[in-house]
Amino acid sequence: MIPRWARDGRVLVGLVLLSAVLVVALLAPWLAGMAPDDQDLLATLLPASWQDGGDAAHWLGTDSLGRDVFARLLYGARVALTVAAIAAPGAMVAGTVAALLAGYLGGWFDWLVGRAVDVWMSFPPVILSLILMVGLGTGTRNVIFAIMLVDWTRFCRVLRAEVLVVARRDYVTAAGLVGFGHVRILLREVFPAIVPLLITLLTLEMGIAVVVEAILSFVGLGVKADEVAWGQMIADGRSTIYQAPFNLLAPVVAIFLTVAGFNLLGDGLRRSLDVRLLEGRG
Amino acid sequence: MVLSFARRLAAVGPILLVVSLLLFVALRLLPVDPAAMSMPPTATKVEIEAARSAMGLDRPLVEQYAIWLGQTLHGDFGTSIHMRRPVGGLLLETLPATIELSVAAMIVAGLLGIGGGLALFALRNRRGEAVAELTTTLMMSIPEFLWALLFIFLFGVLLSALPFTGRLDPGMTRPVVSGFLLLDALLVGRPDIYASALRHLLLPAAALGIAFAPPVMRVLRTSLVDVYQEDYIRQARLRGVGEARILLAHALKNAILPTLTLMGVQFGFLFGGSLLVEVIYAYPGMGNLMVDAVRNADLPIIQAVALTYCVVVLAITSAVDALVLLLNPRLRA
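If you read the sequences in order, they're chains A and B. Numbering of the first sequence is given in the working numbering, commencing with residue 1 and proceeding in unit increments. Numbering of the second sequence is given in the working numbering, commencing with residue 283 and proceeding in unit increments.
Just so you know, not all the hints are guaranteed correct.
[Claimed, not checked] So these bits of chain B aren't anywhere near chain A, every CB distance computed over 10 Å:
id	residue
1	A318
2	V328
3	S335
4	D340
5	I349
6	I389
7	R408
8	L469
9	Q517
10	G522
[Stated by the list, open to error] Derived CB-CB ranges, DEER-like:
id	chain 1	residue 1	chain 2	residue 2	range
11	B	Y510	A	L65	56 to 66 Å
12	A	D226	B	D474	43 to 53 Å
13	B	E512	A	V16	33 to 43 Å
14	A	F256	B	I389	19 to 29 Å
15	B	P342	A	G139	29 to 39 Å
16	B	I389	A	G135	28 to 38 Å
17	B	P368	A	W50	53 to 63 Å
18	A	W50	B	Y510	49 to 59 Å
19	A	S49	B	G370	51 to 61 Å
20	B	I349	A	W111	28 to 38 Å
21	B	V413	A	G135	44 to 54 Å
22	A	F256	B	V413	10 to 20 Å
23	B	R527	A	L26	52 to 62 Å
24	A	S49	B	L339	51 to 61 Å
[As the list claims (entries may be wrong)] Which residues of chain B face chain A? A few of them, derived with a C-beta cut under 10 Å, are:
id	residue
25	A293
26	M422
27	L431
28	G438
29	L440
30	V561
31	G569
32	M572
33	V593
34	V595
It is worth saying that the hints were derived from the structure and are not from the lab. From the three backbone atoms N, C-alpha and C, an ideal C-beta is built for every residue, glycine too.
The following block holds chain B by itself, in its conformation from the complex:
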């Protein structure tokens, strides 16, 4: 088991290397000149040339890549052209926000997905089944950014129940300990900040989570149907175990495995989907940083943020592989 996991982990390294190379080459092919962009409009050609050689842009592409890779591996992501700040610092500020949002959304997706899957299963071969299935198909037609807009409209504008911009009420300052706002609010003992952060997190997390719940529902329902064909379910019935207990204590334990695998894969997609939800809710995470950088053609930020997204997605998929291996004895060879 350890061996097969190590093999999977070893595959991640080369993938990341290729990803970084592709990113680097793709962004160097762009018709933008970072040196000229970093200078004031009044700069002369000589000054721009000086900036170009200071940034190493006059060297061969391979050498530039080697330098960039070396710096990146040492945690130096360069300086933003537009904001004139170290990119590493910007990442440290925004990555925890995006992780906080994604984890909260994953919890929503998990609760809705498992609850909905159990409900779908309970409805099987009954009158409500067709309606429930149609509902999940229609839910799948609403991507996360449409949920985000619908929730703003419903809960933000019509009901005025929840805030839909930023992470905190205006006037509150963000305590910075770990970067994870909910955690930091507790660490500095500010329940008011905790409450405000939670209220700001609710709509974006719900919008992102609900978009990824329907596939979880369907897979859980299907695996429950499969598990109910097994002998041990009939045995439990013969022993007089109640239906609710059979479902929750006996069947769910086995049916949850494929569901967990799917949720892991979904988590990777969800992490990428957080970008749009962040933009729509003006939530100061990596997604907003990326979109701003893209609009300003801020290459150092685009490179670093894109690479960070890839690292996180690969980390999630590897962790899920390991977890599935741990939980499923049949895969341990």
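Just chain A, with the same shape it has in the complex:
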């Protein structure tokens, strides 16, 4: 039998969108036909191939340095997905461990985690990531690290509340009475109860990571100058919007489709995995 979550329309559309981005990222060298950093200063800011003055060799035109927009679009997917695939699980692990320990142990540790979250939340996330990038320096690895450092609170806040509820359930108390150790209770009794919520949060966080990477690369503090990212394309396209609109539109649409994929998947999973929502539906 097909599980409930796989029958949700949102989940399917999300998976299709994300698979498409993944295939594009993996096959970029074969699909692009040229390197994303090949400059041709004699052919800068070409329009798309079907417009007046377009060149059939550059399907979506070229940017201000004569680099192929289509090739950069495909290669940009690699950075976006790499960041999403590493930063989001990283933030999840950090936030979940903190939430499990805070919610289960309570006491001073809970207090400490709570205050740390307060301090983190008083920084707008963009500001905090900018400051971190100033300290860490540019590069994909540092973007990933900065996202983990900023976004662990997104998991911690929500999960801590959930752990508090779960840890007070009878079966957890019973496990304690039977003589199970704390580690075993946390991992075998409490953790499984928050997994559905965790999966939903993770999916949404991956979309957020794609956006944050684009933002940082847009202001010039994301990937290194010789790496290819959608945010960089947007920065170039913003300044040449009248001459080469696709230079701007292509990465905007790419970011939208990727984030929409993660959000549809997350929304669909939330509806089909959340036990309380299912009960409410009868």
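Given the coordinates of chain A, work out where chain B should sit on it, guided by the hints.
Then chain B, alone, in the frame of chain A:
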């Protein structure tokens, strides 16, 4: 009630202190030397050392923090390394611009969010519901900086309907009274400047506002559904009150409370989100100041602007807490 609000306010102080300490330490760990940066490239080592001790950079970190905190509390934010101007003055110029943009965006978000929430509620259990819900999910996939770019493309380039750079038409000088441009234009009696400022504000405010509207729509719809389960709605129907009046005069009054709470939280996020919208629209607010400072590693500005963002966000969240407490009698214990 006063007590619980005072307790919340008292928590803000220590948070700010920790924030300022973290900021200070983080920025001191950077591999940049503000003393060397503030000197011309021809400066000798001795001259740089002299500048370093003049800036107090040769003292222990704790002492430096104490000095910086004391000066900051007295409103002295130091001098920009790159622009060689007092940071306090730069903040006074840019903060009102950012507040103006954020408030305008919040109005857009509120109108769209409440209007959209009512529309979603009206569509419940009808054919259009699935489409409307899908639309809000897709809208949530467009962060503020993508809206900003889309609006530039649509209204600025394709339709050429609205300007998308700066705060005023070229050639106009900004009247400076309060720093809030719309207000100042009225104060000095210049409707032309007011009109130009409003036209420049429309796209950035709409882009920032629309990004924060979908969650408001969803929460309002959900709380309206909840409120409609209550007895007093059925009573009103039995008394022969019209459906429109029940919705707007009876149900909305109670359903709006969770929505307002959410909007308060959103306002904090929105204020931070204004940074990117400012960069994209070359809007001369704190966001642009921050990004320029970050690119130039201008530490005094980064410190002061980051701290200002935190103060404003904390002020907004505290104000919202107070407002919710005031509006919701059930929370007053």
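Is it true that the C-beta distance of E512(B) to V16(A) lies inside 33 to 43 Å, as the hint says?
Since E512(B) and V16(A) have Cβ atoms about 42 Å apart, the given range 33 to 43 Å holds.
> Honestly, do P342(B) and G139(A) meet the 29 to 39 Å range at C-beta?
Replying inline: 32 Å, holds
- Query: Between F256(A) and I389(B), does the beta-carbon spacing fit 19 to 29 Å?
  - Reply: 25 Å, holds
- Task: Could you let me know if the closest chain A CB is still more than 10 Å away from the CB of R408(B)?
- Result: The claim stands: R408(B) keeps its Cβ more than 10 Å from every Cβ of chain A (closest is about 18 Å).
ask   = Is it true that the C-beta distance of D226(A) to D474(B) lies inside 43 to 53 Å, as the hint says?
value = 48 Å, holds
Does the Cβ-Cβ separation between I389(B) and G135(A) fall within 28 to 38 Å? 36 Å, holds
*Taking 10 Å as the limit, does the beta-carbon of M572(B) come near enough to a beta-carbon in chain A?*
Nearest chain A Cβ about 7 Å off; hint holds.
If I claimed the Cβ atoms of V413(B) and G135(A) lie 44 to 54 Å apart, would that claim hold in this structure? 46 Å, holds
Range first: 28 to 38 Å. Now tell me if the beta carbons of I349(B) and W111(A) are that far apart. 31 Å, holds
Does the Cβ distance between Y510(B) and L65(A) fall inside 56 to 66 Å? Since the Cβ atoms of Y510(B) and L65(A) sit about 58 Å apart, the hinted range of 56 to 66 Å holds.
Exercise. Starting from the hint 53 to 63 Å, judge whether the C-beta atoms of P368(B) and W50(A) obey it.
Key: 54 Å, holds
Non-interface label on S335(B), tested against every C-beta of chain A at 10 Å:
Holds, since 25 Å exceeds 10 Å.
The structure is consistent with each of the numbered hints, conforming to all of them.
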